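Visitor: Sequences and hints are given; from them, build the entire structure.
2 protein chains.
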Amino acid sequence: MALLSTPCPSAMNPAISQLKPYAFTQLRSRQDAMPGVRFVDLGVGDPQDETPAFIREALVAAITPASRYPTAAGLPELRRAIAGWLTRRYGVAVDADKHVVPANGSKEAIYNLAPLLLDDPSRRRTRELIAIPELAYQVYGDSATMHHAEIFTLPFDRHWLPDLNAITPAVGERLKLIWLNFPNNPTGAVAPLSFYRDVLELAGRYGFYVASDEAYSELWYDAPPPGLLQAARDTGFRRAIVINTLSKRSNMTAYRSGFIAGDPEVIAMLKNVRPRMGVATPEFVQRAAVAAWSDEAHVEAQRARYAERRALFLDAFTRKDVAVEGSEAAFYLWVRVPESVAGRNSFQFAEHLFERGLIVLPGGFFGPRGQEYIRIAFVPKIDVCREAAAILERVLEEP
Amino acid sequence: MALLSTPCPSAMNPAISQLKPYAFTQLRSRQDAMPGVRFVDLGVGDPQDETPAFIREALVAAITPASRYPTAAGLPELRRAIAGWLTRRYGVAVDADKHVVPANGSKEAIYNLAPLLLDDPSRRRTRELIAIPELAYQVYGDSATMHHAEIFTLPFDRHWLPDLNAITPAVGERLKLIWLNFPNNPTGAVAPLSFYRDVLELAGRYGFYVASDEAYSELWYDAPPPGLLQAARDTGFRRAIVINTLSKRSNMTAYRSGFIAGDPEVIAMLKNVRPRMGVATPEFVQRAAVAAWSDEAHVEAQRARYAERRALFLDAFTRKDVAVEGSEAAFYLWVRVPESVAGRNSFQFAEHLFERGLIVLPGGFFGPRGQEYIRIAFVPKIDVCREAAAILERVLEEP
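Residue numbers (the working numbering), protein chains in the order written: chain A, 29 to 427; chain B, 29 to 427.
FYI, nobody ran anything at the bench for these hints, they're computed from the structure. Hints may be right or wrong, so weigh each one.
The list treats identical chains as interchangeable, and a pair is accepted whether it falls inside one copy or across any two copies.
[Claimed, not checked] In silico EDC-like cross-links for lysine to aspartate or glutamate, where the CA-CA straight-line distance does not exceed 20 Å: (1) Lys126 <-> Asp262; (2) Lys409 <-> Asp349; (3) Lys409 <-> Glu367; (4) Lys299 <-> Asp323; (5) Lys48 <-> Asp148; (6) Lys48 <-> Glu328.
Note that the structure is predicted; figures quoted are calculated from it, not measured.
Guide: As structure tokens, this is what we get:
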């Protein structure tokens with residue numbers, strides 16, 4: 029039959045076959061397969077501390093007998109709370125209606141950004157580029173791949189900052205979007221304000237967008253790190269798109285609440301398209317989010333918890349003469365694999381620690397540039413972190 | 029400068045300019061612009077009755093001090109509750125792990141389905157088709173447009189069923205997906221089991237997927253309407269994708285909780301891709317959903333409420349000799365505009381009612397085929413419905 033000779037139209041999006049396995053799903057499976065073993069988990073960067081009671085109470089108080097469909101533009105109170113927080117945090121004037129929309133968590137905001145910006149692939153001679161740092165959160169690349177963009181891998185310089193020299197004119201002209209993420213996952217590095225200015229200068233020259241995932245912005249130890257909006261204040265946030273979340277700041281991973289802020293043209297577009305996408309956040313979650321963005325005391329308390337855990341590991345590594353790079357902010361330490369491990373192989377070192385009951389992420393998992401590092405997420409309670417530090421110290425003492 | 033002569037790479041997805049305004053956002057704006065006026069609103073199909081207390085209590089009980097990131101595959105308890113409900117409701121054997129994933133509401137599930145199935149547009153000589161009935165929920169078409177598919181408009185026959193004769197070989201070979209929606213929005217029509225069988229037969233012949241939005245499946249008055257899974261039982265649900273939600277069944281629009289069920293290949297693909305998309309539902313909402321899918325008494329009570337309101341309007345229209353078509357299920361009546369209105373123009377009739385304080389949706393808003401009809405959503409409490417019926421009767425008595 030003639031029909032059967034045409035390419036099978038029931039095939040799914042062919043980009044799916046290019047996706048790497050989703051790492052955290054894999055990690056959970058491996059642990060679940062060993063139910064008798066107790067692991068100390070410094071692998072997944074999931075906050076484990078409590079969501080403050082006043083936030084949970086705000087959620088419960090907002091559950092009404094009858095309710096209506098939430099809007100994608102969000103409650104005006106939530107947009108005002110976010111704009112107010114951004115204004116206080118970065119000293120820039122953020123308008124609740126022109127510069128902000130809520131998101132159903134930052135992963136949703138990240139995954140859904142590229143398809144709203146990318147051109148129709150059938151209209152292009154060459155694919156548009158999305159620039160992603162060589163070690164990065166998996167979702168930037170998965171979204172680019174699924175939406176038929178080409179990934180341009182940005183190398184890091186020796187300070188773990190993307191090397192902007194890689195954006196040559198040939199690259200810049202095809203670039204639609206660049207992803208930044210400081211404080212960085214996995215390195216914990218922080219970018220200076222001048223770096224954001226340099227990126228925006230390039231964006232203006234070539235006409236691409238700059239998306240900055242600032243999920244870890246509040247987990248700092250010395251001084252609050254700068255953000256993209258500060259660098260974009262004099263251009264009315266043009267080409268600047270910031271994504272942030274309550275997951276880390278307020279221990280609210282379970283709630284799925286974040287925001288997108290910046291370029292008023294992009295925000296207007298999001299207000300047009302997002303009501304069609306099913307990304308509206310339940311109003312009771314939005315009410316909890318209003319409470320969370322309006323309070324800083326709980327964030328200070330959380331920073332103090334992380335600072336104690338961080339100091340514990342930094343101390344252990346210093347005593348064992350193990351190098352820690354980046355690691356200025358976020359709840360990660362980016363630790364060089366010791367020389368005693370053959371080829372400083374991060375997978376081998378992580379496997380060795382796994383066998384001793386300690387889970388860390390091998391840097392090689394993020395890409396070749398991470399091969400000689402492991403990522404430690406100091407999210408467990410201080411007692412568990414002490415246990416982990418003891419395992420690390422014992423392993424580092426092994427001949 | 030040479031750079032400026034290239035097509036502006038900062039342009040957004042050009043499909044955005046093809047989107048029609050999102051109707052419900054517009055309708056809200058028009059009401060908000062007249063703050064002094066009290067409207068009886070039979071326009072938007074948003075349930076107004078209470079979410080049963082036991083469901084709200086299940087949510088509150090599931091809010092824990094600490095919590096972790098929810099998974100896109102959902103709690104096993106939720107998948108089991110959904111599979112159990114489907115098995116009881118349709119008499120088909122649904123496996124909780126092979127045939128079901130939860131969704132963050134049905135709009136999310138609908139919007140996000142097409143891009144996971146469509147081919148890379150740059151690989152095709154002609155665009156893939158997505159078939160959408162000529163009067164339909166806006167999101168099917170918006171998702172197709174945003175993802176660069178071509179919409180094939182399926183005409184209705186005189187029973188308000190899509191006319192499958194329109195799927196000629198030339199259409200079928202390019203077809204990726206067909207959207208069905210029974211009980212139907214806006215007509216309230218119900219499809220017989222034989223119709224689903226006919227569609228699946230075509231799907232097998234040409235190799236396209238059948239997506240059935242069954243959001244209104246539980247709002248029936250005579251007998252429970254059949255669903256796509258019943259017609260697909262003998263083929264292991266191959267090519268069949270059912271989407272349903274708690275929004276209408278359990279008055280849970282505010283909670284954003286639904287599911288996708290059917291073809292095990294599609295479900296396996298969704299379990300691979302959806303963890304990257306940020307569509308995981310908060311666990312406290314999933315716990316409320318487990319309670320909701322496990323109880324039928326509250327659904328029966330809700331059906332009784334709608335039945336009373338429906339009878340009230342049917343009675344009024346019968347007395348005034350106004351024709352009601354379709355309208356077998358869902359909370360809609362599909363009412364022919366009376367002859368007294370020039371050209372039976374639905375916009376003119378809706379405007380006339382608006383001026384008298386009653387909001388209905390003009391059928392012409394859904395497309396030319398709806399031009400001589402209005403859609404009445406009998407969602408308000410019975411007292412408000414009585415008020416609405418009185419306005420309607422007065423208008424129909426006008427000379």
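Visitor: When no copy is named, should Lys126 and Asp262 be tagged within, between, both, or neither for a Cα gap of at most 20 Å?
Guide: For Lys126 and Asp262, the Cα distance is within 20 Å only inside one copy (16 Å; across copies 53 Å).
Visitor: One pair to classify: Lys299 and Asp323, alpha carbons no more than 20 Å apart. Within, between, both, or neither?
Guide: Intra 27 Å, inter 37 Å, cutoff 20 Å: neither.
Visitor: Tell me, please, which holds for Lys409 and Glu367 at an alpha-carbon limit of 20 Å: within, between, both or neither?
Guide: neither (30 Å within a copy, 73 Å between copies)
Visitor: 20 Å Cα cut-off: does Lys48 pair with Glu328 within a copy, between copies, both or neither?
Guide: Neither: 37 Å inside a chain and 46 Å across chains, both beyond 20 Å.
Visitor: Could you figure out if Lys48 and Asp148 sit no more than 20 Å apart (CA to CA) within one copy, between two copies, both or neither?
Guide: between (24 Å within a copy, 18 Å between copies)
Visitor: How would you label the pair Lys409, Asp349 (within, between, both, or neither) given a Cα cut-off of 20 Å?
Guide: Answer is neither: 25 Å inside a copy and 72 Å across each miss the 20 Å cutoff.
Checked against the numbered hints above, the structure breaks hints 2, 3, 4 and 6 and satisfies the rest.
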